[in-house]
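**Student:** Here is how the chains run, residue by residue.
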Amino acid sequence: DQQVKQNSPSLSVQEGRISILNCDYTNSMFDYFLWYKKYPAEGPTFLISISSIKDKNEDGRFTVFLNKSAKHLSLHIVPSQPGDSAVYFCAASGNNNDMRFGAGTRLTVKP
Amino acid sequence: DAGVIQSPRHEVTEMGQEVTLRCKPISGHNSLFWYRQTMMRGLELLIYFNNNVPIDDSGMPEDRFSAKMPNASFSTLKIQPSEPRDSAVYFCASSFYSNQPQHFGDGTRLSIL
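Line by line, the protein sequences give chains V and S. Quick note on this note's numbering: the first sequence kicks off at 26 and runs consecutively. Quick note on this note's numbering: the second sequence kicks off at 57 and runs consecutively.
Source of the hints: derived by calculation from the structure; they are not laboratory data. There may be inaccurate statements among the hints.
Said to hold, decoys possible - Label pairs and their computed distance ranges (CB to CB):
hint, chain 1, residue 1, chain 2, residue 2, range
1, V, K81, S, S167, 37 to 47 Å
2, S, G84, V, R86, 39 to 49 Å
3, S, M96, V, P104, 31 to 41 Å
4, S, I61, V, Q28, 23 to 33 Å
5, S, P140, V, E83, 40 to 50 Å
6, S, N86, V, Q27, 25 to 35 Å
7, V, D56, S, M96, 43 to 53 Å
8, V, S94, S, Q73, 43 to 53 Å
9, S, I61, V, Q27, 25 to 35 Å
10, S, Q136, V, K79, 42 to 52 Å
11, S, L169, V, Y64, 22 to 32 Å
In this text, a Cβ means the ideal position worked out from N, Cα and C, and glycines have one as well.
Kindly generate the complete structure, drawing on both the sequences and the hints.
**Tutor:** Structure below.
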């Protein structure tokens, strides 16, 4: 069962514009959410996280928003750069501490 | 500072053979995870260890899969016998605690012919 869902397999944006990647989850026990970025032939690398006590966390060009009532989170990248082109995974964990990942969204930023 | 080290990077073998994937976590990390990535299912958690003890192996697909962590600096994932549907990229990751951001290795690309 997919407890974490990324319904858009791909997204293409123009350099300088905003990229918005979405993620939905079904398990209301999840209380910690993360985004990872993955380049080809490499493992995922941690990008940004948010705990359920917050609704926004910002780190430079990256902002994660959490809507607990909708069980939805999103990652905003602004401005987008060609180097941001990668696969982005959303992940969530709860008090049992095992982390569940979405299937990923491939972001392409066009120069 | 070495990250998570996985070996081999690539493995091609024939159906029915035993396959052993290896992982060295980051020194000092207490949690170790094994994942499988496929096009259809994305990143699936197979098993994770805390302080070398398996905590949750509910993601291990079948009895053909087994994982061990004999000490804090080494873990193996074994498939015996291997089947073509096991072909995927297998990732190992580690973290200080199981609910903290994980550091991933570069994966082992496994192809079973």
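**Student:** All hints are to be evaluated individually against the structure, with a verdict given for each.
**Tutor:** Consistency of the hints with the structure:
no. : hint                       : result
1   : K81/V x S167/S: 37 to 47 Å : holds (43 Å)
2   : G84/S x R86/V: 39 to 49 Å  : violated (30 Å)
3   : M96/S x P104/V: 31 to 41 Å : holds (33 Å)
4   : I61/S x Q28/V: 23 to 33 Å  : holds (30 Å)
5   : P140/S x E83/V: 40 to 50 Å : holds (45 Å)
6   : N86/S x Q27/V: 25 to 35 Å  : holds (28 Å)
7   : D56/V x M96/S: 43 to 53 Å  : violated (28 Å)
8   : S94/V x Q73/S: 43 to 53 Å  : holds (50 Å)
9   : I61/S x Q27/V: 25 to 35 Å  : holds (30 Å)
10  : Q136/S x K79/V: 42 to 52 Å : holds (45 Å)
11  : L169/S x Y64/V: 22 to 32 Å : holds (27 Å)
Of the numbered hints stated above, those contradicted by the structure are hints 2 and 7, listed in ascending order.
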